[in-house]
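**Student:** In terms of full-length UniProt numbering, the first sequence opens at residue 1 and continues consecutively.
Simulated from the structure, these hints should not be mistaken for lab results. There are no misleading hints in this set.
Derived lysine-lysine pairs resembling DSS-like cross-links, with alpha carbons at most 25 Å apart:
1. 418 to 234
2. 77 to 91
3. 256 to 215
4. 256 to 230
5. 230 to 274
6. 230 to 215
Ranges of calculated distance between the beta carbons of each label pair, as one might list FRET restraints:
7. 512 to 41: 22 to 32 Å
8. 223 to 123: 45 to 55 Å
9. 424 to 493: 45 to 55 Å
10. 439 to 69: 53 to 63 Å
11. 275 to 490: 49 to 59 Å
12. 494 to 321: 29 to 39 Å
13. 460 to 499: 47 to 57 Å
14. 43 to 223: 32 to 42 Å
15. 123 to 207: 39 to 49 Å
16. 223 to 81: 37 to 47 Å
17. 414 to 497: 41 to 51 Å
18. 499 to 61: 55 to 65 Å
19. 270 to 486: 56 to 66 Å
20. 110 to 193: 28 to 38 Å
For every residue, glycine included, the Cβ atom is placed at its ideal position computed from N, Cα and C.
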Amino acid sequence: MSGGRCSIVWLRRDLRVEDNPALAAGVRAGAIVAVFIWAPEEEGLYYPGRVSRWWLKHSLAHLDAFLRTLGTSLVTKRSNDSISSLLEVVKSTGATQLFFNHLYDPISLVRDQRAKEVLTAQGVAVRSFNADLLYEPWEVHDGEGRPFTTFAAFWDRCLSMSYDPEAPLLPPKRIISADVSRCPSDTLVFEDESEKGSNALLARAWSPGWSNADKALTTFINGPLIEYSKNRRKADSATTSFLSPHLHFGEVSVRKVFHLVRMKQVLWANEGNKAGEESVNLFLGSIGLREYSRYMSFNHPQSHERPLLGHLKYFPWVVDESYFKIWRQGRTGYPLVDAGMRELWATGWLHDRIRVVVSSFFVKVLLLPWRWGMKYFWDTLLDADLESDALGWQYISGTLPDGRELDRIDNPQFEGYKFDPNGEYVRRWLPELARLPTEWIHHPWNAPESVLQAAGIELGSNYPLPIVEIDAAKARLQEALSQMWQHEAASRAAIENEMEEGLGDSSEYAPIAFPEDTQMETDHEPVRNNPVNTVTRRYEDQMVPSMTSSLVRVDDEETSVGLRNSAADDSRAEVPTNINVNVTEEPREPHGHDVMQTVRTINTFPQFNFAMGPRDSEDSTAESSSSSKRERDGGVVPVWSPSSSNYSEQFTGEDNGIGTSSSYLQRHPQSHQLVNWRRLSQTG
DNA sequence: AGCCACTTCTG
DNA sequence: AGAAGTGGC
Numbered sequence: 001m002s003g004g005r006c007s008i009v010w011l012r013r014d015l016r017v018e019d020n021p022a023l024a025a026g027v028r029a030g031a032i033v034a035v036f037i038w039a040p041e042e043e044g045l046y047y048p049g050r051v052s053r054w055w056l057k058h059s060l061a062h063l064d065a066f067l068r069t070l071g072t073s074l075v076t077k078r079s080n081d082s083i084s085s086l087l088e089v090v091k092s093t094g095a096t097q098l099f100f101n102h103l104y105d106p107i108s109l110v111r112d113q114r115a116k117e118v119l120t121a122q123g124v125a126v127r128s129f130n131a132d133l134l135y136e137p138w139e140v141h142d143g144e145g146r147p148f149t150t151f152a153a154f155w156d157r158c159l160s161m162s163y164d165p166e167a168p169l170l171p172p173k174r175i176i177s178a179d180v181s182r183c184p185s186d187t188l189v190f191e192d193e194s195e196k197g198s199n200a201l202l203a204r205a206w207s208p209g210w211s212n213a214d215k216a217l218t219t220f221i222n223g224p225l226i227e228y229s230k231n232r233r234k235a236d237s238a239t240t241s242f243l244s245p246h247l248h249f250g251e252v253s254v255r256k257v258f259h260l261v262r263m264k265q266v267l268w269a270n271e272g273n274k275a276g277e278e279s280v281n282l283f284l285g286s287i288g289l290r291e292y293s294r295y296m297s298f299n300h301p302q303s304h305e306r307p308l309l310g311h312l313k314y315f316p317w318v319v320d321e322s323y324f325k326i327w328r329q330g331r332t333g334y335p336l337v338d339a340g341m342r343e344l345w346a347t348g349w350l351h352d353r354i355r356v357v358v359s360s361f362f363v364k365v366l367l368l369p370w371r372w373g374m375k376y377f378w379d380t381l382l383d384a385d386l387e388s389d390a391l392g393w394q395y396i397s398g399t400l401p402d403g404r405e406l407d408r409i410d411n412p413q414f415e416g417y418k419f420d421p422n423g424e425y426v427r428r429w430l431p432e433l434a435r436l437p438t439e440w441i442h443h444p445w446n447a448p449e450s451v452l453q454a455a456g457i458e459l460g461s462n463y464p465l466p467i468v469e470i471d472a473a474k475a476r477l478q479e480a481l482s483q484m485w486q487h488e489a490a491s492r493a494a495i496e497n498e499m500e501e502g503l504g505d506s507s508e509y510a511p512i513a514f515p516e517d518t519q520m521e522t523d524h525e526p527v528r529n530n531p532v533n534t535v536t537r538r539y540e541d542q543m544v545p546s547m548t549s550s551l552v553r554v555d556d557e558e559t560s561v562g563l564r565n566s567a568a569d570d571s572r573a574e575v576p577t578n579i580n581v582n583v584t585e586e587p588r589e590p591h592g593h594d595v596m597q598t599v600r601t602i603n604t605f606p607q608f609n610f611a612m613g614p615r616d617s618e619d620s621t622a623e624s625s626s627s628s629k630r631e632r633d634g635g636v637v638p639v640w641s642p643s644s645s646n647y648s649e650q651f652t653g654e655d656n657g658i659g660t661s662s663s664y665l666q667r668h669p670q671s672h673q674l675v676n677w678r679r680l681s682q683t684g
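Put together the whole structure using the sequences plus the hints.
**Tutor:** Right under this line is the structure:
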């Protein structure tokens with residue numbers, strides 16, 4: 001129990017005891033100090049949102065309680081520099097080893113590599129592990145050792161690797177605690193007073209914590225999984241796995257998910273249950289996308305802020321904050337979009353299909369910069385996940401070679417009848433439309449006046465007219481795209497000229513700044529409590545898939561009403577007058593950290609290069625991937641090196657957005673040129 | 001066989 | 001949105 005020769009187990013987004021390789025290694029090595037460091041400022045722009053912090057708080061409490069039954073407890077530190085905190089823990093406990101599990105977001109990649117260097121230099125033996133993925137990103141590549149750039153190829157490879165993902169580890173039976181008497185915990189504060197009321201209702205629907213995650217997994221696999229393929233297209237079906245927040249915080253191991261699901265697959269295959277097999281494949285596909293998001297983040301660490309196919313750099317975004325606000329508040333006039341945005345706003349949850357609907361509406365119809373939307377998702381989603389969300393937004397923005405086509409606009413009206421054929425979802429979230437017959441529920445603007453009247457709807461008054469008509473949106477998008485191609489061509493020509501003259505690339509990526517946080521924060525939805533035709537429901541009645549209630553700010557009616565006057569002169573806003581009070585309050589934006597920071601970061605972001613070195617190698621020289629090597633426990637780890645490596649070429653091309661040797665774009669000329677050619681031939 | 005309408009899929 | 005597939009006649 002005394003100091004010395006103990007190990008630090010640094011827990012981050014791996015808040016579980018089962019199948020936690022870092023924890024297992026620590027326990028195997030003797031006494032441990034389990035540490036969680038809360039240093040959200042390190043995340044820059046991506047300071048976790050309110051609901052995400054709520055989850056984390058409960059997940060940590062849950063983990064701590066369990067660790068206590070095993071013989072230790074969780075040491076918590078409040079910090080703005082994780083590495084200094086680690087050094088402190090080393091000093092106060094005499095630890096000689098550090099174990100942690102890999103993360104793949106760009107900030108962690110850099111920080112963890114530095115942690116490794118700094119701690120190693122202090123004589124601490126550092127080892128890191130794969131706990132988040134079936135295969136490490138550097139294990140999966142094509143025949144030439146290059147990373148895949150399309151999902152299908154990536155996932156095929158994953159499913160046909162010569163070795164299976166590691167079998168899950170059992171939880172330790174007992175843990176020997178190191179002496180932490182001189183290493184006091186800090187009290188971590190995850191929510192401020194104003195957030196408590198909003199958070200109170202979350203606990204009715206969700207149970208954070210690793211053992212609850214395990215239960216959720218079991219429930220899903222023994223229940224809804226078999227119906228997954230049938231039900232996945234319903235907007236409000238309660239048959240998704242609901243595992244994503246658990247997975248985000250590593251409360252459950254994907255490897256365990258994978259193995260359990262595979263067992264079902266074998267079972268159903270033997271029974272000849274085609275639907276079951278199909279369901280498994282689809283579900284595994286969504287696990288695969290999560291894997292792929294880490295893979296992409298690792299191989300392209302800037303993919304959360306830069307489009308992977310560089311042409312989008314020239315897209316003339318409509319930088320219109322009032323559009324942004326209308327989208328957030330669910331007042332676009334398209335019922336499916338609005339219902340989704342109200343649900344997100346009220347519950348922090350959205351079915352995957354609806355995420356695609358609202359985000360593609362955001363990009364393709366409103367022409368708003370995708371990173372704003374991504375940031376809003378980050379701030380409001382319970383399962384906000386940088387890698388997954390970046391992949392998702394790039395997918396719908398048309399910047400992946402295998403994503404949605406750039407010029408495709410999905411019509412929310414048709415999608416409405418596809419995902420919500422009976423209008424139940426819309427009626428749940430847009431009570432002002434509740435009395436509209438299904439025939440018109442997804443396109444009220446076409447409904448005869450008599451029908452609208454009977455339903456108590458006055459378009460433009462208590463429910464908005466479409467913010468942009470779809471035909472107009474199509475025209476605007478075409479125009480924007482042809483502008484984009486022209487700029488791109490001009491820029492390409494300019495760069496070629498400069499190259500000839502021996503000048504470097506001068507085109508800097510100029511990201512669009514986020515709206516000021518303060519603006520977003522004071523941006524409360526005005527409530528016009530029009531009693532006429534209001535479907536009065538108490539927030540308790542609100543039904544969400546698996547969520548009975550919403551993130552309602554119960555204490556806020558006064559505030560909202562108080563804002564009524566100031567909102568009245570917002571001429572553009574067609575505010576629904578009889579919307580349910582419980583969804584009228586926009587969630588607070590996260591802490592007022594410096595949003596502009598990202599913008600600066602973009603330009604100062606280090607060039608990432610990942611060389612695959614031998615284990616914990618001192619020499620960070622670039623070395624080609626160790627393809628056939630299969631090592632897990634700290635075996636093959638990414639070594640961050642400022643020098644060039646085989647992976648570096650992947651990014652350097654992207655910096656100017658126009659492929660040089662082997663940039664992403666260059667490897668997918670068809671997706672670029674095809675569209676480009678088509679566009680130009682139509683417009684020119 | 002050949003045509004059309006309808007469904008489903010597309011990360 | 002558009003391709004590809006299915007099934008009816």
